[in-house]
Amino acid sequence: MSTPLLQIDDLYVKYGNIEALHGISFTVNQGEIVTLIGANGAGKSTTLMSIAQLPPPEAPRITKGDIKFKGESILGMGPDKIVSDLHMALVPEGRHIFGNLTVEENLKLATYSRKGGQAEIDRDYQRVYKLFPRLDERKKQRSESLSGGEQQMLAVGRALMSGCKVIMLDEPSMGLAPLLMYDMFRTLKELNEEGMTILLIEQNANLALKFAHRGYVIDTGEIVAQGPSDQLMEDPEVKKAYLGG
Amino acid sequence: MDFIIQNILNALQWGSFYALIALGYTLVYGVLRLINFAHGDVFMVGAYIAFFVSGFMLGDTLGLSPTVTFLCALPVTMILTSLVGVTLERIAYRPLRRKGAHRLYVVITALMCGLILEYSNLAVLGASRLKFPELIHKTVWNIGGVTVTNLKVIVIVTAVLVFLFLNFIVTRTKIGMAMRGISYDKFAIPLMGIPIDNIIVFTFILGSGFAGLAGLLFAMSYPILEPFMGMLIGWKAFIAAVVGGIGDIKGAFVGGFLLGFIEVGVVALPFLESTYRDLFAFTILLIILWIKPTGLFGMPQSTKI
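Chains as they are written, first to last, in our numbering: chain A, 1 to 245; chain B, 1001 to 1305.
Warning: the hint list may mix true and false statements.
Under 8 Å between C-beta atoms, here's a sample of chain A residues computed to sit facing chain B [as the list claims (entries may be wrong)]:
#1 Ala52
#2 Ala89
#3 Pro92
#4 Phe98
#5 Gly99
#6 Asn100
#7 Glu105
#8 Lys108
#9 Tyr112
#10 Ser113
#11 Arg158
#12 Leu188
#13 Leu191
In case anyone wonders, no lab produced these hints; they're calculated from the structure.
We put the beta carbon where it would ideally sit given N, CA and C, even for glycine.
Given the sequences, and given the hints that come with them, work out the whole structure.
As structure tokens, this is what we get:
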């Protein structure tokens, strides 16, 4: 079997003195959509924050285990390098857009460390505006004036502008009306078909499993079930606990 | 009439000094939410750096003319002073930030750093005052009863140019966007692939570089240097930045010039003794803050994170 793109290996993570992850392991292969599902507080966001290597105080501390990208450990790499060198972008929970900047400036800021030429960057602007025409219409607006759905589009658009090949999404459906939510997932599917690897966290397990190729179920800091999405959806335990019967 | 124009010019000159120092407070606050209380002393160090750099250039080894010395001392002073600012950030503020220390401790550290700069100066150079050499031959123009010195014009024009330059940096460049971005949401900056420390260092370079510029121009205008010269002017510039709306560059300049005008205005009033100057100036600023606590250009602090 070939080396997975991203491999989380027996990861233990602490917030202060409280252990949040107790040795979780999973893999993401190139071109896959993988989802982590689980209840609120199970450790899903913690996992993504650990991969993104955000500095304290926001982020957790890794006490044991490893995170490997193409077989090599990326621990201690620094959050900006994860984006600029490994091309993995995190769309955080709550979006964290720069509300005091315009839509256009938000997108431009994401190109800060890109090494490619301007032509490539311009192509990505076109792509983002094509995927999210609303952003094109609102280019010059301060982004805090956008609706929740538009802000989510901007957060994803920003990740794309960073030139990412892997996108990690933390609850992208949160606060979105159902119609917008399906739109968002359709767009993500499109991106995946173009070659984007996706690691998705969702509380809406139904939606996530329909969308993803494979899934892992996290419960209080441990992986309790895993497998292809259609299998997980049929698993009686998973059905009972996460899919509402 | 002459009297009024004369006072306006004086107000603009003092306002320029306050503005040039205030912008350092405001830039660092905008990016780190840190009130860098050492900044007034960085200005003082800038004046001393200007003194030694000019002395060396005028001296026997190089023997440059005063005008050439001024033109060379300007960039050299700015670069060396910005190194002082960057060093403070590196050895004092960054380690605390890494440990996730509460802002209060960083502010106390900044106060300490200011005192250390003052007293190390006192320890090394002693209490005697230094006399700054004359770099620009003072030309006095008399325009319809108003006397204008070339130095005054240089100071005011410099402040305006610095404002235009900073405004360009902050609104038009990517690094400026990153500075504005940090002030809104520090968490998301590294997620954009931006090394946050580089932005912080750049901010300190700008702030302390211009404090060095202010130090040079101030020493040329009021050529007596002493270790505590940065204290009061630093406090005043800080207050000017707060009144303008700390975190906002426009605010720093407007606040600086406002303070200049109030101070000169109070002294110019015929029925007031000049000793009332600071009392009245600060009272007026207090009233402004009382009416608008976020400062003239300040936005209420966003509640995110």
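So, going through the hints one by one against the coordinates:
1. For Ala52(A), the interface hint holds, since its Cβ comes within 8 Å of a Cβ in chain B; the closest pair sits about 7 Å apart.
2. Evaluation of the Ala89(A) hint against chain B yields a held restraint, the C-beta minimum of about 7 Å falling below 8 Å.
3. A distance limit of 8 Å between C-beta atoms decides the matter here; for Pro92(A) the minimum to chain B is near 7 Å, and the interface restraint holds.
4. Checking Phe98(A) against chain B by beta carbon gives a least distance of about 4 Å; that is within 8 Å, so the hint holds.
5. The beta carbon of Gly99(A) comes within 6 Å of a beta carbon in chain B, closer than 8 Å, and the hint placing it at the interface holds.
6. Given hint, Asn100(A) at the interface with chain B, holds; its Cβ is 4 Å from that chain's nearest Cβ, closer than 8 Å.
7. For the restraint placing Glu105(A) at the interface with chain B, the shortest Cβ-Cβ distance is roughly 5 Å, inside the 8 Å limit, so the hint holds.
8. Because the closest C-beta pair between Lys108(A) and chain B is about 7 Å apart, less than 8 Å, the hint holds.
9. The interface hint given for Tyr112(A) is met, as the beta carbon of that residue sits about 5 Å from the closest beta carbon of chain B, less than 8 Å.
10. A least Cβ separation of about 4 Å between Ser113(A) and chain B falls short of the 8 Å threshold, and the interface hint therefore holds.
11. Because the smallest distance between the Cβ of Arg158(A) and any Cβ of chain B comes to about 7 Å, under 8 Å, the interface hint for this residue holds.
12. The criterion of a C-beta within 8 Å of any C-beta in chain B is not met by Leu188(A), whose closest approach is roughly 18 Å, and the hint is violated.
13. A least Cβ separation of about 18 Å between Leu191(A) and chain B goes past the 8 Å threshold, and the interface hint is therefore violated.
This entry does not satisfy hints 12, 13, going by the numbered hints stated previously.
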